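Colleague: One letter stands for each residue in the lines below.
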Amino acid sequence: MSTILLVEDNEMNRDMLTRRLQKKGFNVLVATDGVQGHTFACAAIPDLILMDISLPEMNGWEVTRLLKSNQATRHIPIIALTAHALASDREKAFEAGCDDYDTKPLDFVRLMGKIETLLVVKKT
Amino acid sequence: MKLQNLSIKRKLMLITMLTSTVALLLFSASFLFYDLISFRHFLSQDLATQAEIIGYNSAAAMAFKDEAAASVTLTALKAKEDITAAILYTPDGKAFTRYVRANLVDPSLNGNQPRFEGIRFRDSHLEVVHAVSLNGEPVGTLFLQSDMSQWYSRAKRYAIFLLVFMLGSDLLALLIASKLQTLISGPILRLEDTMHMVSAQKNYEVRALKFYDDEIGRLIDGFNTMLSEIQQGDSALQSANDALKAQTLELESEILQRKQAQDELLSAKRTAEDASRAKSSFLANMSHELRTPLNAIIGYSEMIEEEIQDTGKFENVQDVKKIQSAGKHLLSLINDVLDLSKIEAGKMGLHLESFDVAQMVQEMVSTFQPTITKNSNTLQVNLAQDLGLMRADVTKVRQILFNLMSNACKFTNNGTVSLDVQRTTKGDREWLKFQVKDTGIGISAEQQKNLFKEFVQADASISRKYGGTGLGLAISYRFAQLMGGHFTAESEPGKGSTFTVHLPSKVSADVVEAVKAKENNGPLAEAPKPATQADTILVIDDDPAVRDLMFRHLVKSGFHVVVAADGEEGLKIAKRIQPRIITLDVLMPGIDGWEVLRRIKADPELAETPVIMVTIVDNEIMGLNLGSSNYVMKPVDRTLLTDLIEKHRKARPSSSSDVPVAV
Numbered sequence: 001m002s003t004i005l006l007v008e009d010n011e012m013n014r015d016m017l018t019r020r021l022q023k024k025g026f027n028v029l030v031a032t033d034g035v036q037g038h039t040f041a042c043a044a045i046p047d048l049i050l051m052d053i054s055l056p057e058m059n060g061w062e063v064t065r066l067l068k069s070n071q072a073t074r075h076i077p078i079i080a081l082t083a084h085a086l087a088s089d090r091e092k093a094f095e096a097g098c099d100d101y102d103t104k105p106l107d108f109v110r111l112m113g114k115i116e117t118l119l120v121v122k123k124t
Numbered sequence: 001m002k003l004q005n006l007s008i009k010r011k012l013m014l015i016t017m018l019t020s021t022v023a024l025l026l027f028s029a030s031f032l033f034y035d036l037i038s039f040r041h042f043l044s045q046d047l048a049t050q051a052e053i054i055g056y057n058s059a060a061a062m063a064f065k066d067e068a069a070a071s072v073t074l075t076a077l078k079a080k081e082d083i084t085a086a087i088l089y090t091p092d093g094k095a096f097t098r099y100v101r102a103n104l105v106d107p108s109l110n111g112n113q114p115r116f117e118g119i120r121f122r123d124s125h126l127e128v129v130h131a132v133s134l135n136g137e138p139v140g141t142l143f144l145q146s147d148m149s150q151w152y153s154r155a156k157r158y159a160i161f162l163l164v165f166m167l168g169s170d171l172l173a174l175l176i177a178s179k180l181q182t183l184i185s186g187p188i189l190r191l192e193d194t195m196h197m198v199s200a201q202k203n204y205e206v207r208a209l210k211f212y213d214d215e216i217g218r219l220i221d222g223f224n225t226m227l228s229e230i231q232q233g234d235s236a237l238q239s240a241n242d243a244l245k246a247q248t249l250e251l252e253s254e255i256l257q258r259k260q261a262q263d264e265l266l267s268a269k270r271t272a273e274d275a276s277r278a279k280s281s282f283l284a285n286m287s288h289e290l291r292t293p294l295n296a297i298i299g300y301s302e303m304i305e306e307e308i309q310d311t312g313k314f315e316n317v318q319d320v321k322k323i324q325s326a327g328k329h330l331l332s333l334i335n336d337v338l339d340l341s342k343i344e345a346g347k348m349g350l351h352l353e354s355f356d357v358a359q360m361v362q363e364m365v366s367t368f369q370p371t372i373t374k375n376s377n378t379l380q381v382n383l384a385q386d387l388g389l390m391r392a393d394v395t396k397v398r399q400i401l402f403n404l405m406s407n408a409c410k411f412t413n414n415g416t417v418s419l420d421v422q423r424t425t426k427g428d429r430e431w432l433k434f435q436v437k438d439t440g441i442g443i444s445a446e447q448q449k450n451l452f453k454e455f456v457q458a459d460a461s462i463s464r465k466y467g468g469t470g471l472g473l474a475i476s477y478r479f480a481q482l483m484g485g486h487f488t489a490e491s492e493p494g495k496g497s498t499f500t501v502h503l504p505s506k507v508s509a510d511v512v513e514a515v516k517a518k519e520n521n522g523p524l525a526e527a528p529k530p531a532t533q534a535d536t537i538l539v540i541d542d543d544p545a546v547r548d549l550m551f552r553h554l555v556k557s558g559f560h561v562v563v564a565a566d567g568e569e570g571l572k573i574a575k576r577i578q579p580r581i582i583t584l585d586v587l588m589p590g591i592d593g594w595e596v597l598r599r600i601k602a603d604p605e606l607a608e609t610p611v612i613m614v615t616i617v618d619n620e621i622m623g624l625n626l627g628s629s630n631y632v633m634k635p636v637d638r639t640l641l642t643d644l645i646e647k648h649r650k651a652r653p654s655s656s657s658d659v660p661v662a663v
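If you're matching them up, the sequences are chains A and B in order. According to this note's numbering, the first sequence holds residues 1 to 124 in order. According to this note's numbering, the second sequence holds residues 1 to 663 in order.
No lab work stands behind these hints: they were computed from the structure. Hints may contain errors.
Label-pair distances were calculated between CB atoms; the ranges are [to be verified]:
(1) A:Phe94 with B:Phe402: 23 to 29 Å
(2) B:Ser341 with A:Glu116: 33 to 39 Å
(3) B:Lys328 with A:Glu116: 23 to 29 Å
(4) A:Asn27 with B:Pro293: 27 to 33 Å
(5) B:Ala278 with A:Glu116: 40 to 46 Å
(6) B:Ala272 with A:His75: 47 to 53 Å
(7) B:Ala272 with A:Ala43: 45 to 51 Å
(8) A:His75 with B:Glu264: 55 to 61 Å
(9) A:Ala43 with B:Phe402: 39 to 45 Å
These numbers were taken from a predicted model, which means no experiment stands behind them. Where a beta carbon is used, it is the ideal one built from N, C-alpha and C, also for glycine.
All chains, please: the whole structure from these sequences, using the hints.
Modeller: Given below as structure tokens:
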């Protein structure tokens with residue numbers, strides 16, 4: 001069973017995603033702010049991270065950069081979740097080192113597709 | 001106290017007094033001196049006479065050696081106070097009898113007869129030695145001594161007198177001098193005062209008083225002349241100064257005005273910037289704030305639906321689905337409103353990237369399927385072979401297409417919706433043409449007028465019947481405009497509608513600016529080109545022979561020709577005269593033809609001018625890629641050149657490419 005770390009500060013979004021992911025068979029860890037997200041990622045080494053961008057304490061870009069520059073966590077695929085749909089956000093995401101990116105409101109089916117792609121890639 | 005630095009007054013007085021004192025002293029001294037000498041002479045004569053008399057009186061006594069009688073005679077000398085001693089000597093030189101004035105002790109008198117005759121002065125005494133004789137026979141010698149006291153007292157008197165006199169006359173001289181020195185010093189001191197006053201008060205109207213017509217008077221005249229010259233100069237200076245002051249004041253007030261204007265502008269700018277920032281931040285926040293709860297509504301309702309599916313209680317599925325659809329509708333409304341707000345606020349930017357057109361359309365087709373099948377429509381997609389790559393904002397292109405497609409599907413029942421994509425060349429530019437046709441209810445002429453306006457759907461009932469926000473077309477229209485393209489719509493009520501979007505195959509960022517400017521004139525405004533440049537051809541070539549040749553040939557063909565010898569000049573001229581066509585030599589010194597071509601294409605004013613490359617270099621592809629309208633090899637085939645020019649002239653009519661709503 002794969003573990004996904006969800007870093008999201010909005011309670012409802014967190015709740016929805018957690019339950020739906022759990023229904024799909026994932027083990028879900030939650031962090032409610034950037035610093036916590038970073039700590040949990042380093043401690044638990046999840047199989048995938050879903051990173052909301054607008055987080056308190058430290059924003060998603062920063063956490064991504066930190067994790068990607070850390071030898072121990074570099075390999076973890078990160079999908080950035082953002083409410084903004086500007087192309088510049090997409091660029092920023094890839095610049096920070098994200099492996100993929102999705103926009104809110106989330107299309108759960110679309111998101112699942114991205115998650116599965118990344119987990120498959122990771123295995124191979 | 002140095003004498004030279006004494007005041008004139010003192011100097012003058014000193015000089016006067018010194019002169020008079022010296023003169024007086026010399027005179028008095030010599031006079032008195034002369035007098036005293038005479039007196040001394042007189043005294044000595046007098047004593048000599050006395051000696052004679054006494055000698056005569058004592059002659060008998062001497063002859064008879066009558067000491068007593070002789071002594072009496074001598075004693076009579078007591079009456080003369082100045083006689084200090086009288087001694088009678090016998091012919092052998094011994095003292096016979098003597099008289100010495102009372103209380104006088106003089107050892108020198110105790111000797112023998114002094115060895116002189118006559119008168120002599122010794123030790124401040126006058127002495128006379130006189131031979132006494134009786135009837136011609138010497139009987140002895142008389143020695144008479146006087147202390148000259150008369151002389152001394154006279155001298156003393158004279159001295160005192162002299163002193164007093166000198167003092168008195170000095171005083172008098174002082175008085176007179178002090179009165180008369182003002183003749184000299186007065187004017188000078190007045191002049192000095194005047195000078196002080198002038199320099200202290202800077203008052204050049206004052207004039208020094210002239211007293212007498214002497215050297216000082218002339219000095220004063222000179223001084224006054226100088227003063228009037230200074231006065232003139234000074235008043236000229238003053239008026240220049242005043243003028244300067246007045247000007248400075250004017251300038252200062254102007255500067256103040258400018259500063260105020262500048263401050264106002266700055267604060268207006270800051271206000272505008274603040275407003276702009278507020279708008280951006282509002283849009284960003286609203287975007288986030290509005291979407292978050294909607295996300296929850298849609299997400300949870302999806303979850304409920306899934307759970308219902310799992311539990312099998314299908315009766316509630318419809319209710320949940322309704323929540324979902326309302327949520328989704330609300331979301332698309334919010335997205336549209338936010339998009340429009342952004343466009344209105346001028347905050348909608350373009351993110352350009354190159355993508356494969358055919359691939360993009362294929363990917364989108366699947367998203368149309370639900371809407372197609374909803375109204376039992378059939379979808380036809382026709383993609384030309386040569387679509388290739390497009391450089392544009394892919395998200396916006398997708399949005400436009402989706403909007404057109406969903407409109408077509410919405411308003412068609414049991415009909416056909418077709419999407420045609422082609423690549424075309426208009427003028428010298430390449431365009432992608434997207435056409436969406438439907439066999440739906442169509443749009444009446446009346447409705448077509450409001451087609452691209454916000455918030456106006458064809459009919460209020462339509463929104464109820466067909467859904468939608470009424471904003472989709474307006475947004476698509478604006479998006480197309482932003483990218484430099486244009487929209488047309490054709491329709492026949494009952495038969496169907498055709499919507500056509502032309503987008504440049506290479507959207508450039510500065511098209512946005514050009515389009516915005518046009519927007520202000522209204523979408524139907526066309527900028528007519530002035531008649532004078534209708535047939536102007538600009539020839540850019542560094543070879544004078546070629547230039548000449550082209551010039552003559554083109555003029556003969558009826559064109560107005562302007563030549564330029566290098567790229568820089570050519571660009572400047574092009575900007576100025578906006579020629580109809582530009583012929584461009586590739587190999588040129590300075591900036592070469594490719595660079596010139598690039599710059600022409602980069603300039604919104606010139607980008608649409610057809611450019612014909614004239615060169616010996618065979619590089620057609622590079623030329624076309626950069627946007628050259630065509631390409632001619634040297635040596636120039638005249639007919640070919642003319643044909644090309646004609647072709648371009650006709651191909652691009654004299655109207656700007658904009659969006660009239662054709663019916």
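Colleague: Each hint should be assessed against the structure and marked as holding or not.
Modeller: Hint check results:
A beta carbon spacing of about 25 Å between A:Phe94 and B:Phe402 agrees with the range 23 to 29 Å that was offered as a hint. For B:Ser341 and A:Glu116, the hinted distance range of 33 to 39 Å is satisfied, since their beta carbons lie about 37 Å from each other. For the pair B:Lys328 and A:Glu116, the supplied restraint of 23 to 29 Å holds, since their beta-carbon distance comes to about 24 Å. Roughly 28 Å separates the CB atoms of A:Asn27 and B:Pro293, a value that falls within the hinted 27 to 33 Å.
Between B:Ala278 and A:Glu116 the beta carbons are some 42 Å apart, a value that agrees with the proposed interval 40 to 46 Å. For B:Ala272 and A:His75, the hinted distance range of 47 to 53 Å is satisfied, since their beta carbons lie about 49 Å from each other. Look at B:Ala272 against A:Ala43: about 50 Å separates their beta carbons, and that is inside 45 to 51 Å. Checked against the hint of 55 to 61 Å, the C-beta distance between A:His75 and B:Glu264 comes to roughly 59 Å, which is consistent with it.
For the pair A:Ala43 and B:Phe402, the beta carbons lie near 44 Å from each other, so the given range of 39 to 45 Å is met.
Hint violations for this structure: none, all hints satisfied.
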